[in-house]
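Those protein sequences? They're chains U and X, same order as listed. The numbers in the first sequence follow my numbering, run straight up by one, and end at 699. The numbers in the second sequence follow my numbering, run straight up by one, and end at 699.
One thing to keep in mind: the hints can contain errors.
Copies of one chain are not kept apart here, so a pair can be met inside one copy or by any two copies together.
Claimed, not checked - With a cut-off of at most 20 Å between alpha-carbon atoms, the simulated SDA-like pairs for lysine to any residue come out as follows:
#1 LYS263 x VAL111
#2 LYS653 x THR224
#3 LYS420 x GLU96
#4 LYS45 x TYR188
#5 LYS34 x PRO673
#6 LYS45 x ASN4
#7 LYS102 x LYS481
#8 LYS633 x GLU272
#9 LYS34 x THR224
#10 LYS48 x LEU21
#11 LYS576 x ASN536
#12 LYS689 x ARG218
#13 LYS109 x PRO673
#14 LYS276 x PRO14
#15 LYS405 x LYS633
#16 LYS627 x GLU146
#17 LYS48 x ASP471
#18 LYS45 x LEU180
#19 LYS653 x GLY182
#20 LYS45 x ALA639
None of these hints come from the bench; they were simulated from the model. Being a predicted model, the structure only gives us computed values, none of them experimental.
There are 2 protein chains.
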Amino acid sequence: MASNGYDLWLRYAPVEDQTLLTTYQEQFQSVYFKGGSSKLDVAQKELKRGITGMLGQNIVLNPSFSDKNTLIIASAKNLNTAISASLEKDLKDLGEEGFIIKSINTNGKNVIVVTANTDQGILYGTFKLLMLMQENRDLSAINRVEKPKIDLRILNHWDNLDRTVERGYAGFSLWNWQKLPGFIDQRYIDYARANASIGINGTVLTNVNANALVLTPRYIDKVTALADVFRPYGIKVYLTARFSAPIEIGGLETADPLDPKVKQWWKAKSDEIYQKIPDFGGFLVKANSEGQPGPQNYGRSHVDGANMLADAVSPHGGIVMWRAFVYSEDDATDRAKQAYSEFVPFDGQFRDNVIIQVKNGPIDFQPREPFHPMFGAMPKTPLMIEFQLTQEYLGFSTHLVYLPKLFEEVLQADTYQEGKGSTVAKVIDGSLHDKKITGMAGVANIGTDINWTGHPFAEANWYGFGRLAWDPELDSRDIAKEWLRATFSNKEEFVNTMEQVMIDSREAVVNYMTPLGLHHMMDTGHHYGPGPWVDNLSRADWNPVYYHKADSLGIGFDRTKSGSDAVDQYAPELAKRFNDPKTTPEEFLLWFHHLPWDYKLKNGESLWNGIALKYQEGVDEVGTLIKTWGKMKPYVDAARFNEVSMLLDIQLKEAKWWRDACLLYFQQFSQQPLPAGVEKPAETLDYFKSLRFPYAPGN
Amino acid sequence: MASNGYDLWLRYAPVEDQTLLTTYQEQFQSVYFKGGSSKLDVAQKELKRGITGMLGQNIVLNPSFSDKNTLIIASAKNLNTAISASLEKDLKDLGEEGFIIKSINTNGKNVIVVTANTDQGILYGTFKLLMLMQENRDLSAINRVEKPKIDLRILNHWDNLDRTVERGYAGFSLWNWQKLPGFIDQRYIDYARANASIGINGTVLTNVNANALVLTPRYIDKVTALADVFRPYGIKVYLTARFSAPIEIGGLETADPLDPKVKQWWKAKSDEIYQKIPDFGGFLVKANSEGQPGPQNYGRSHVDGANMLADAVSPHGGIVMWRAFVYSEDDATDRAKQAYSEFVPFDGQFRDNVIIQVKNGPIDFQPREPFHPMFGAMPKTPLMIEFQLTQEYLGFSTHLVYLPKLFEEVLQADTYQEGKGSTVAKVIDGSLHDKKITGMAGVANIGTDINWTGHPFAEANWYGFGRLAWDPELDSRDIAKEWLRATFSNKEEFVNTMEQVMIDSREAVVNYMTPLGLHHMMDTGHHYGPGPWVDNLSRADWNPVYYHKADSLGIGFDRTKSGSDAVDQYAPELAKRFNDPKTTPEEFLLWFHHLPWDYKLKNGESLWNGIALKYQEGVDEVGTLIKTWGKMKPYVDAARFNEVSMLLDIQLKEAKWWRDACLLYFQQFSQQPLPAGVEKPAETLDYFKSLRFPYAPGN
């Protein structure tokens, strides 16, 4: 079955296993499913679509019970008492979004029951049922009880009103503001379906580098139209609030958060929005960071700013997500330390409906960073984690990199803040410190490309983000398998091979871009390709040389107690471990230490040789990936097979570019030859330095 | 059959008429079609795709002749002598691109033969065969001999290197420069298929407001990849040449076309391009117009500039398309006159491989303009016509406006330059003055929207342009029918109803935007919506008030002999007719005349009432369109039915906006009430003047 990727993991391809097909067909012989609400209606529509595709037959959804029912989809209050009694215990803890899919013996025969406390739970249960069938799972003895471990499962779109997308590599913004509100693009609906199928329940439509215009009546009407499309799918709409909006569109002279007129303006603006969108989610704010205005412009604090906005939306049940991605121009020591320094002292001072949004690492979405030290360090403040799905620093939409592996590494990292086992996941899901709100944000990798994400495998990063936001304890390998089955094929050889490829792909990109704890070495502005030599930007901490600090003595950023002392932002166990190169995990070695070129690595190689070999390893891994993919031809339709093949060839070329450019540059300092096994660069350092990409996307 | 519009008019929907289906199946029982060239290969692929879709069966293409053949697709030299002898006369005049589709009785039975002198002809013949089947035509006695009447049938993409499209309303540029040359998007192939199916044989990839970077080696590699994709479909690639490129990317200090270094630079640049793209088409140039550099910057003429570039590409068979769209800042009289004034004196001075590209009318793609007076006025110079498919001035991609009706009006206009019957079509196809090159350019309305053109009916404008470029004498009504059958349905009631709707749609937009010869009344910059009041732009001839000249005495631009005397750029017969309001066709009345508000129209109404009633008529026509479309529901899939319905609702709203804003504005001068039958405006003039659209697309 050819595919252009538009259907994502909701392909509903025909079940090929004939025995299983027959079983499924029997199980769908008589379905009870009564509609009546917009959520149930979209669930029914999805079920019909899925069954038509997978079983090759239309199904009738009966609106009344019958003894013949083989499948019952109904909220708890509509179940017959025998069935609901048997599920009572599960239902009690299910909350507003959970669901049960269970095979129950009643009246002497098995019935599959999909139930929940709410219509939203029914919708999620329906999507899960269809997904299990796409994975060709046996439903005969099914017993699934699921509810999300995190409240806010949110995509952040860095979409501008002119439809460009900051750091977008999959075309342009889905939101056609020109044709809204009158024209509802089918993509809006399919976007909502895809999100609901993995439990995403919120979307921030606009860029954190915000434009106040989206808060004007004309745009609120357009946002309302989108909110109306997304509502049946359980997806709330959020907007980014430009802090200076009261000046720019409100006619005020200040945006001081303590000024009564400013407070009143935001209150009125919130009321105006909620009148049109009663379930509006709230605001996401980037303040006093990278040129964005904020409370500090008026001598006020993040607390003042966030609480003022929180008070404006609080009467309507709205929230404020306040970003911790800040780093001051004036701080001379270490950018990695600043968010912690600025925010941790405020612990406990934010309103109940404020949540602080913290990037996964302390710098900026690098191929690998240690977890952000704020996680676990603010016991009285809700923190949500922000991951980046769009591959700003990981090869745009051209490199196959499976990000859930990266996310999992961060989520499973131990903060030690309440002793061993205090993982980031437990900070995020609120279980470590009992948080009032919990959340996970993913900076979307979605655009107008027909396959949504540019690279067919980048769809897995959207999918995997949703799955981990639902349950941050999931194994990224299991997620890969689910996705592969639904998206490509259930053939075991394909799934087992490609699952490993996806898992390995993340380490490959680390190796060919920034091995051994190196970071922030990309070229200026567009972040496309290597630029370790860049040293001419106006702020010190925008320059790659600030981060790798390569010189004749060695390489790496000294963040030990005798350096910037960033290590002491971590719990004592970790601070101690990170303070000593011998106990620092080698993947973070040059993140925490400046070490001589002849420093001996665990494998006995010198640091110089080790770096060079890691770069080569990354390139080789891409080579292996290409070979493996070549063998997958029998399992994949020609269109996507060719697409991925072409993209892998580009990835290999660019991996070599990273290797050659970085090694030639560092060789100037190490003054040592490339070790055996490392290919000789095809071009000179000057050539690599001369490359310019004025129209690279996403900038 | 649901459709997202991606398949355009190449849907190949199953033939529903069972008798016809059986006949077709018999006719495709035994097909001789030998491949062997890239053009034949894509023709075979298309045939298989079409037959699978329409007849529900795969076909085998036999590479050797058999007596059983029911269909023979082969170039003339591969036909058996009996058949080729019977076609000898037709083949002689067929040229390089023509084809024959003919039912021939041979060996006592009928065989359908598709033949041509070239593989390109076979490809065109194959597409035509499939189109005839999509129209459900009987092939039993088919006898078609076709060849294009125009040499260059070219799309102009106003696409920038950052993928924005100037005046693009269907998303962004198809050309993903970032991923080229390594990644070939399937859209490039489908774009080529669509173009080849209607005979388009050239594409200018880049904006006429040009960027020299596209001429650098890195971009030439990317252009080469596109040329390689398009070649099998008979489509040549062209680029826009920024006149100052020798300075910007060549390191020269001048771009003076008479400077030997400049000449040498363009020669070397052309050689470099042709080495990679041996069939590169040549350059399109916008020079000394709207801020673009050109020969006049160096005191040289258009002839100097065009001939210099022509000499550079001439050794490789390339051409130069030099745009006549010029209007000087300094000319105080009438913008409409300037292109003629600047170019006509140069007649006969251009190189043989230069063709002058002239917009259809003397201003700029307005809903209605008289034909451009240059047509017929340069007997010794090839002129190609430039139409705009993208609806810059006709409602963006939100309004249903069938443009081939507009194109036909221009093509059938009589220039009288060689006596009665000297139509623009005859100027364009070279028959009036025996031109060396002939051409038609269409500014593309294509973008990354899934349905390519934003509005499902805007696909018809692309289709119709191709058809008219192939044969400028075609009836726009016939073209509409072909398109409707292939794109939507063969149901007669649907085709007959919608054909009339499409034909009427063009007059509707004239009526609700710029009736009775009014023109250039759009808002500034983005050209979205009405702005008749705009009078503050730096150049007089950028302001709507320059064009309508409404005052207390009347309205309209006096272009008579006592006015700007633009009438005298037309042949004497027309000059005389246009000089008198009584003999001027009323659709051009205010184009040529400034008339008092109480001037009496042919229908007896005063001019003021007539204008107001025309605006109302336009709005009413959209209302009728909505009602008619509502009745088409049984014939159209739900997806496209709803899309068009939503867009029509927007069109109605915007038609009313145009009516109300323009009438309220002009009413200030006429000081007269709206006549009976004209709806009262819902908003004030100040409201309409206050509207701002900073992120309107295409700007």
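To test your reading of the hints: which numbers does this structure violate? 1, 3, 5, 7, 8, 9, 11, 13, 14, 15, 16, 17, 18
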